[in-house]
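Visitor: I would like the entire structure built from these sequences, with the hints used as guidance.
There are 4 protein chains.
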Amino acid sequence: MEHWRTAIAHSDQTGIWLRGYDLTALMSRPFTDTVFLLHRGRLPGEGERQLLDAVLVGVADHGAGAPSCAAARLAASGNRESLSAAIAAGVLAIGNDHGGAGQGCMVLIKEGAEEARREGITLEDAAVRAVDRAVRDRARLPGLGHRVHTTDPRVKVLFDLARQHGVAGDGVAFVSALERAASERIKKLPLNIDGALAAILHDLGFDPPAGKLIFIVGRVAGLTAEVAEEYAREKPMRIRIPVKYDGEPPRSVE
Amino acid sequence: MEHWRTAIAHSDQTGIWLRGYDLTALMSRPFTDTVFLLHRGRLPGEGERQLLDAVLVGVADHGAGAPSCAAARLAASGNRESLSAAIAAGVLAIGNDHGGAGQGCMVLIKEGAEEARREGITLEDAAVRAVDRAVRDRARLPGLGHRVHTTDPRVKVLFDLARQHGVAGDGVAFVSALERAASERIKKLPLNIDGALAAILHDLGFDPPAGKLIFIVGRVAGLTAEVAEEYAREKPMRIRIPVKYDGEPPRSVE
Amino acid sequence: MEHWRTAIAHSDQTGIWLRGYDLTALMSRPFTDTVFLLHRGRLPGEGERQLLDAVLVGVADHGAGAPSCAAARLAASGNRESLSAAIAAGVLAIGNDHGGAGQGCMVLIKEGAEEARREGITLEDAAVRAVDRAVRDRARLPGLGHRVHTTDPRVKVLFDLARQHGVAGDGVAFVSALERAASERIKKLPLNIDGALAAILHDLGFDPPAGKLIFIVGRVAGLTAEVAEEYAREKPMRIRIPVKYDGEPPRSVE
Amino acid sequence: MEHWRTAIAHSDQTGIWLRGYDLTALMSRPFTDTVFLLHRGRLPGEGERQLLDAVLVGVADHGAGAPSCAAARLAASGNRESLSAAIAAGVLAIGNDHGGAGQGCMVLIKEGAEEARREGITLEDAAVRAVDRAVRDRARLPGLGHRVHTTDPRVKVLFDLARQHGVAGDGVAFVSALERAASERIKKLPLNIDGALAAILHDLGFDPPAGKLIFIVGRVAGLTAEVAEEYAREKPMRIRIPVKYDGEPPRSVE
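Residue numbers (my numbering), protein chains in the order written: chain C, 1 to 254; chain W, 1 to 254; chain D, 1 to 254; chain Y, 1 to 254.
If you are wondering where the hints come from, they were derived from the structure by calculation, not from laboratory data.
For every residue, glycine included, the Cβ atom is placed at its ideal position computed from N, Cα and C.
Please note: incorrect hints may appear among the correct ones.
Examples of chain W residues toward chain C, derived with CB under 10 angstroms [claimed, not checked]:
id : residue
1  : L56
2  : I94
3  : E234
Guide: Quick look at the structure:
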């Protein structure tokens, strides 16, 4: 078998290195530095770290009933042999419709920023085009709209921090323009946490898959607490989902 | 359906709270504070946070060939539709034999500390008893012994930090005594990262399941980077595991 | 890297063999034959196949609200990129408390049958001892007791089929004795589907892990239908689990 | 919480019904009938069952080194607490690139058949158009091409059975036309097992997601045997994947 190649970690009998840094030296620094390093290949500056902290905390948890938390608890309810199984079940509920819309929004940002550069238009104009294309294709705009909050309080905190630390760039500018253009041309569609996360991660230099992967890193903190609470407070098999059958009436095999 | 009960997170149209703290306020603090808060129900002190940082960084990654990283990459190789699926596959390879021995070691520490208190013996004596029981039952002592490193460099870093920040307590004392007792009565069995993680988490007030759950939080940082690299550098289905068949020779159904 | 060894499947450019049989020949026979072959290393007789059919059908599904089905649907609700992710989330909810108690019961049967042989006692006596040990250790007897059905209709069907086809052996005898002994010494504890499945699989020559693995094979049929229905009938994120927060009241970070 | 709705299974204290049929009656029939029933809402005829048997057997396993089997074994290697975790890890490696291409091919078939009907052209012509579109868009044609076998022996078996049992319809006709058109216009691209499975499932009346879901049902039979063998023959942590680091050389944090 051919060796696998990697530029992330290596170790020998004396030590372990991540992206070339001695792991024991990284251990004296915040965990968030290592998350940044693993994905970006370099250590963050002070402002970059604070922004990544804010993103990770912002998505850690917001309620036991979210699909990720609920799936983790259901797995813990039926299968109490493996904590890993419950956490994995929670991760599996994360996707474009729950927690993962940041990935699609990062693609929009990347394409918008490239279009602006290539065609010499403003980000504002590129955002208008993106909205027009979505209207034409009847596509959703990932990162806009929210079920509960009309204005998600986390968005302003992220953007204020980004401006304060000089991290705000094309990402913040593009999604803000996108929100304005969509609200003019479609309906009031406030930026949600996925869109804000996408903007910040773009401005921190992350690639689109990070829109989902960094959400997962933050949410796993919450999932582990949810599963610990399920084990500590609840008996196995306590969960009962009420179901109404509306299919074929009883019938005979022959 | 009855409501589920939780003491972790709640939200309404205006905000989100974790353990009672406004999430937007937590966003201005390190992510590690939120990990600590979610599990311990209170914010950490400076030293406590640094210890938890060291634990999380210490287990983030040590090589693409570890079962968790390799399982994540295999899932990414066959199923490139879902980043979540690849991360979950990686999490599923974490157990008592890979990354999760800290849980068993935390049980040993807890029982040893209780036995010492209950019977008025020293932790040192409780550790000797634990070793004797393991010898009698032919059981492994989780947290001791290592495949590659004779002395894992991460152990000393964790213990030095713990002493420096006044965090070292029964956990560090018990596993150190365990290492000595095992080396005298069985064979040289150096403390490994699982055992050191267990000691620190015990001294930070975590319960035994955290021995697995906190490992998962740290390792997911590494898994996300491994999967991002697999997507960026490798084509689907590039992985070939060489297999030798040693079963029944060809035979006919009738 | 060393080759992995296996006695299950091998292939070359001309064909594929399972346990030595040409896969294309197996394709003309029932799927259940292949399930049996993969686990037992030989093809089943007519009666053996019918018993395995009955077991697989018996556990395929009994309602969308069971933890396995509900976890699969929650994953489908948040993550609609990957059908595999939803099925895997469902599998993860299967454990000793949901669907997997057959494994523990198969261990009981195996130990009981060995004890009877070794000590020259009847299976009836071995079952009494097993119940007495469970009472002494305050342990549950896997395979006995049921939440909903006082008498699970599937049990009688399985045992009738087993007797009719001459498959009933130590497994059926032991769990029947276990049910009688437990009902005399503890309380009415009817055999449940896990216990019946365990008895049949033991008598078909399967090892204890099959108590979980064969349940999974059967249940995955149900999970795939549940997930297909969720995709076809429901929008993403339609699931709302009601949660009541009972933790710390709002408090300030400083 | 609103009740969930389902047309698959329901139960009360006296019984369990799948699609309206008493589960205990279904238990006297082949498992494959229940798989068909769960997905298609009716019981299969004799020929339909035999075709579904052939599909399920055909994908059950073809070697321990396939991503699904290898991921399951890696999870079993690190996490021996949960058989479910290992099976789930295996399922997670199934996707468009491994085992799941049948779904995309079923979409092609469905669109081709609709196009033929709508525009009054032959399936042959619709297949030519599909190939031309793929060439234009530089897209792959799912169901065509194979890594190892130039002619997959399973394809002929499936198609012969389909013709023999009168099951062959638009699906078989369309993929055969697709194979011819692609080989003329692109290069020799033999139909693979995914394409044959797609054709048969289309002709059995299944929807495109079944191209992945039915593969999963069949493969889980193999995965359970692979995991049982890993537990029985191998120690935990026996797997070593060789890795070559090609990233940053050692560097200092400051």
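Visitor: Of the numbered hints stated earlier in the document, which are not met by this structure?
Guide: Of the numbered hints, all hold.
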